[in-house]
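Sequences and hints are given; from them, build the entire structure.
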Amino acid sequence: MIAIRAPHLEIAVLVLGITILLLETFAAKIAKKTFAYAGVVGLTAVLLASFFLAPEPSTQQAGGFWNFYTADALSTFFKRFTLVTTIIVLVMMVDYAPALRKADESTSANLGEFFSLPLLTCAGLMYLVSAVDFIFIFVSLELVTISFFVLVSFPRRNPVALEAGVKYLILGALSTGFLVYGITWIFGVTGETNLERITAAFSSGKIDNHAATFGAVLVLVGLGFKIAAVPFQMWVPDVYQGAPTPITAFLSVASKAAGFVVLLRVLQPFLMLPNMQRLVVLIALLTVVYGNLAALPQNNLKRLLGYSSIAHAGYLLIGVACFDGRAVTFYLVAYLLMTLLSFAILIIVAQQTGEEISSFDGLAKRAPFLAFAMLVAMASLAGLPFTAGFFGKFFIFVSAIAQKQTALVAVGIVTVACGFYYYLKVVRAMYWQPSTNDNAISISVLSRAIMILLIIATIVFGVYPQPILEALRR
Amino acid sequence: MLLFLVLCPIAAAVLIIAGAPARLTALVAAISNLFVTLLLLSRFDQVAAGFQFVSSFVVSADWRIHFAFGVDGLSLLMLLLATSVSVAAVWFAGGIDNYERAFYACLLFISAGAIGAFASIDLFFFYAFHELALIPTFLLIGIWGTGNRSAAAWKITIYLTLGSFVLLIGLILLYQSVPATARTFDIREMQAAITANPIAAPAQRHIYLLLLIGFGVLISLFPFHSWAPEAYASAPAPAAMLHAGVLKKFGLYGLLRLAIPMLPDGAHYWMYLLVILLLGNIIYIGLVTIAQKQLDWMLGYSSVMHMGYIFLGIASANILGTTGAAALMFAHGLSIALLFAIAGQIRNRTGTLLFDDLGGLAKVMPFAGLVFGFATFAAIGLPGLANFASEIMIFFGAIRNGWEMQRFHIFQIATVLALWGVVISTVYMLRAYRSTFMGTMNERWGKLVDLGAGLRIPVALLIAGLIWFGFFPQALVRMVTPTFRTYFTATK
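Each protein sequence line maps, in turn, to chains A and B. Take 1 as the starting number for the first sequence in this note's numbering and just add one per residue. Take 1 as the starting number for the second sequence in this note's numbering and just add one per residue.
By construction, these hints were calculated from the structure, which means they are not laboratory data. Keep in mind that this is a model prediction, so the values were computed, not measured. Errors might be hidden in some of the hints.
[Unchecked claim] Here are the computed lysine to aspartate or glutamate pairs in the DMTMM-like style, where the Cα-Cα straight-line distance is at most 25 Å: (1) B/363 <-> B/443; (2) A/102 <-> A/438; (3) A/404 <-> B/62; (4) A/425 <-> B/100; (5) A/365 <-> B/100; (6) A/425 <-> A/238; (7) A/33 <-> A/10; (8) A/425 <-> B/97; (9) A/29 <-> A/95; (10) A/167 <-> A/142; (11) A/32 <-> A/10; (12) A/102 <-> A/163; (13) B/447 <-> B/357; (14) A/425 <-> A/355; (15) A/206 <-> A/192; (16) A/102 <-> A/238; (17) A/102 <-> A/113; (18) A/365 <-> B/97; (19) A/404 <-> B/186; (20) A/404 <-> B/265; (21) B/293 <-> B/357.
[To be verified] Across the chosen pairs, the derived CB separations fall in these ranges: (22) B/35 <-> A/72: 52 to 62 Å; (23) A/440 <-> B/431: 44 to 54 Å; (24) A/434 <-> B/43: 44 to 54 Å.
C-beta: ideal position from N, C-alpha, C; glycine also.
Spelled out as structure tokens, the structure:
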């Protein structure tokens, strides 16, 4: 039996993605949906394979490739995380395809690309979580971003999507510029791109602290765009609203999670610099306040979820500021479950009535299952006990209190209460408001299965978080 | 058995959503819960201190969180309250034409939340179970409420969320104030660790204030009370019964369970503040209650006012006072549930609860009048009913209080003022009774029907509790004293 090693996973995903892309080009007869299902099956196989990884030799001895690639517990965990997200996003895409076809006749021919590009993104994200070298971080980040440029503006006849695409393109390019400029400053100061050696250089005390800080701040700005931290969040609402909904989900979950993993990795050296923690605390404060306040008046659910994703980035940054990787990871898992669940429901409901919150009026009458699923998702996003979202917030608050970050805690309490308001607005629409439309909504077997799995996972991790805490330790 | 108590309503709620006959399933679940509680009561060893019937499952070994249940006298008393009011609430529900299943499921979830919170001996689940009731309450008021239901539902939800997150911060601080090696969410181990190694006084003050505000919002302590009357006025009667009767006692239970034994210095430091706030509850809210023109609002305010007495018992920090507080929690729960139940029945029949519209209803609804009158006397604190026994204990406890005091002290003043509160509550209760059931009857109400015979059972259940503990308060005192005795010997 061949031992499966960590880098094989990405290679498998890349091969899968390119194969599907080629097949799509040369075998025009195959139904487009088949590609999506092939992707789902292939990724599931990779996901299973990730549980049978052969142990890696320790990084110091290996050298070469291992200078910029790591296979630690964190990266393996987030590879699985990315794979799960991509699988669910592919299933959502199948549900979304009719809407895409309806909007634009000509895109239907390209649906194969729509189904294969996420695989390339997935590979990029998997590399990203393993990257421990600035050059490698940059390269994999570009693989992710460029495939997202295409995906966001995929319905190219739709002006809203085009606007979203252009915004994402320009701001993405800008943030990349910041990132590269920051990396060069750091390289100039330390002569290194490997994070571990940069840490050593920073802590040696023999470097120019001002120059290093300047470089670090630029890198943080670049990453701030990726994770949508305030004040680098302005692209989020428009892009989230304009992009095809599954892509929005993909952006807000997988891309954000990878951004946070990179942030955790680069902060290891950066926290050696003076004032860096204070800066992160400040960004966290701004993000959590802005995200929650801006979400309050929203009436479009997709936009609301966009703002709420900024808010959640804020809570995650609180965890990052306290440098609690475990809390951040758990929060990201909870965030994955509840966000994907709400987007999956949104896609199905939106095809019948629309994306406004008022489109959900009386959903409990029309589709009790969807309404209940949404109730669970919203309860978890708001942070109610017995859902994964509560444990996420709980761990974050525990570490903030342990670090005596009084301001973060105080602001956190108020914003959590804001969150209850706008998430429960959706619940109110579903259960209180009279229905305008009495047609039942049909759900495909696969999406229903995915939703049930997500609901169960949300509740199980809300009562029993230990599996995730265990997985990180190995 | 405790696990059954908690899981039974949840399982029943799931069954109801899945399609089981709603009312029947809910009733069976609630009644079987009451029987299990009575069974626990009969097997409970009243002499032993500490928790009994403990069952525990590890949830997170890293954080030492356990899914653990156990009861001592205090929590068993609260369980008895929760299960009997649940039975009554489910019984009084009926005639739901809109989302009937969801209504019963929500009631059962509130019941499960209250039972879970009272039976938990793990701090994490103690908190989590209380929150379980939040969304069902929001839905109950929002979907089936009357009056300005939307505003009421938002108000209660936002208030309770803020309160409970303040509380959460307090609880996390409490957790972290134990030395790192002994950190645990198990209330018993936490108590032992703190008794062996008391928390520093300044830390105690912070934590106690957070807990007081957090729990205070949930209990509707004076400046944080404004959600309560509105929510109870709008809520459908069964929801108001469960919330005012049972769920609100969670905060008081929390103060008795955590704040008094673990933070004695904090309690001492903030004693003056608490006494002033609780006088706000008794006197200010009492006067506000007199001014109400509508039966449901009046009941809502009266339930806020009575919290003041319970706080007085807690503030006095001696066995007598806290025992009285525990007893009044139980008695108030039963009597307010009864009052809300009758008010709900009247609203179902007349569509209004304005005092000006009502009057003379005792002619057409003699049984309802009798029950309401009885509950009125209980709420005022007539001798022979459980409320009287508890209030007497609170007053004596407060005068003697557990602190070292000068000859003339704030507790004497507070007690005297609180005694006047009894007069205030007599005024508004009797006025409400007169303008609802006595006097000349409006022509419109000539055809009203009295409560159905079936409803006599839950009424009898609640009244039996009030009378039993009114005549034999010793039964109740003996249950809770061992718990409190360990508190005050441990801290002195």
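Checked hints:
1. Among the hinted pairs, residue 363 of chain B with residue 443 of chain B is consistent with the structure: their alpha-carbon atoms are about 12 Å apart, no more than 25 Å.
2. For a cut-off of 25 Å, the pair hint linking residue 102 of chain A to residue 438 of chain A stands: about 23 Å separates their Cα positions.
3. For the proposed pair residue 404 of chain A and residue 62 of chain B, the alpha carbon gap of about 21 Å is at most 25 Å, so the pair holds.
4. Note on residue 425 of chain A and residue 100 of chain B: the hinted pairing holds, with a Cα-Cα distance of about 22 Å set against a maximum of 25 Å.
5. Restraint check: the Cα-Cα separation between residue 365 of chain A and residue 100 of chain B comes to about 12 Å, which is no more than 25 Å; the hinted pair holds.
6. The suggested pairing of residue 425 of chain A with residue 238 of chain A holds, with an alpha-carbon distance near 21 Å, which does not exceed 25 Å.
7. With a C-alpha separation of about 23 Å, the suggested pair residue 33 of chain A and residue 10 of chain A falls inside the 25 Å cut-off, and the hint holds.
8. Distance restraint check for residue 425 of chain A and residue 97 of chain B: the Cα-Cα separation of roughly 24 Å lies within the 25 Å cut-off, and the hinted pair is therefore satisfied.
9. A threshold of 25 Å between alpha carbons decides the hint, and for residue 29 of chain A with residue 95 of chain A the separation of about 21 Å falls inside it, so the pair holds.
10. With a C-alpha separation of about 16 Å, the suggested pairing of residue 167 of chain A with residue 142 of chain A holds against the 25 Å cut-off.
11. Distance hint between residue 32 of chain A and residue 10 of chain A is fulfilled; the C-alpha atoms sit about 24 Å from each other, no more than 25 Å.
12. Between the alpha carbons of residue 102 of chain A and residue 163 of chain A the distance comes to roughly 20 Å, so the proposed pair stays at or under 25 Å and holds.
13. For the suggested pair residue 447 of chain B and residue 357 of chain B, the alpha carbons sit about 15 Å apart, so the restraint of at most 25 Å is met.
14. Between residue 425 of chain A and residue 355 of chain A, the direct Cα distance comes to roughly 14 Å. Compliance with the 25 Å bound is thereby established for this hinted pair.
15. Of the supplied pair hints, the one linking residue 206 of chain A and residue 192 of chain A holds, its CA atoms being roughly 14 Å apart against a limit of 25 Å.
16. Distance hint between residue 102 of chain A and residue 238 of chain A is fulfilled; the C-alpha atoms sit about 22 Å from each other, no more than 25 Å.
17. Between residue 102 of chain A and residue 113 of chain A, the direct Cα distance comes to roughly 17 Å. Compliance with the 25 Å bound is thereby established for this hinted pair.
18. Restraint check for residue 365 of chain A and residue 97 of chain B: satisfied, since their Cα atoms lie roughly 13 Å apart, inside the 25 Å limit.
19. Between the alpha carbons of residue 404 of chain A and residue 186 of chain B the distance comes to roughly 23 Å, so the proposed pair stays at or under 25 Å and holds.
20. For the given pair, residue 404 of chain A sits about 22 Å from residue 265 of chain B by alpha-carbon distance, which is consistent with the 25 Å threshold.
21. A distance of roughly 10 Å separates the Cα atoms of residue 293 of chain B and residue 357 of chain B; the hinted pair therefore holds under the 25 Å criterion.
22. For the hinted restraint 52 to 62 Å between residue 35 of chain B and residue 72 of chain A, the CB-CB distance of approximately 55 Å keeps it satisfied.
23. Hint check: residue 440 of chain A to residue 431 of chain B, Cβ distance near 53 Å, so the stated range 44 to 54 Å holds.
24. Roughly 51 Å separates the CB atoms of residue 434 of chain A and residue 43 of chain B, a value that falls within the hinted 44 to 54 Å.
In the structure shown, no violation is registered for any of the earlier numbered hints.
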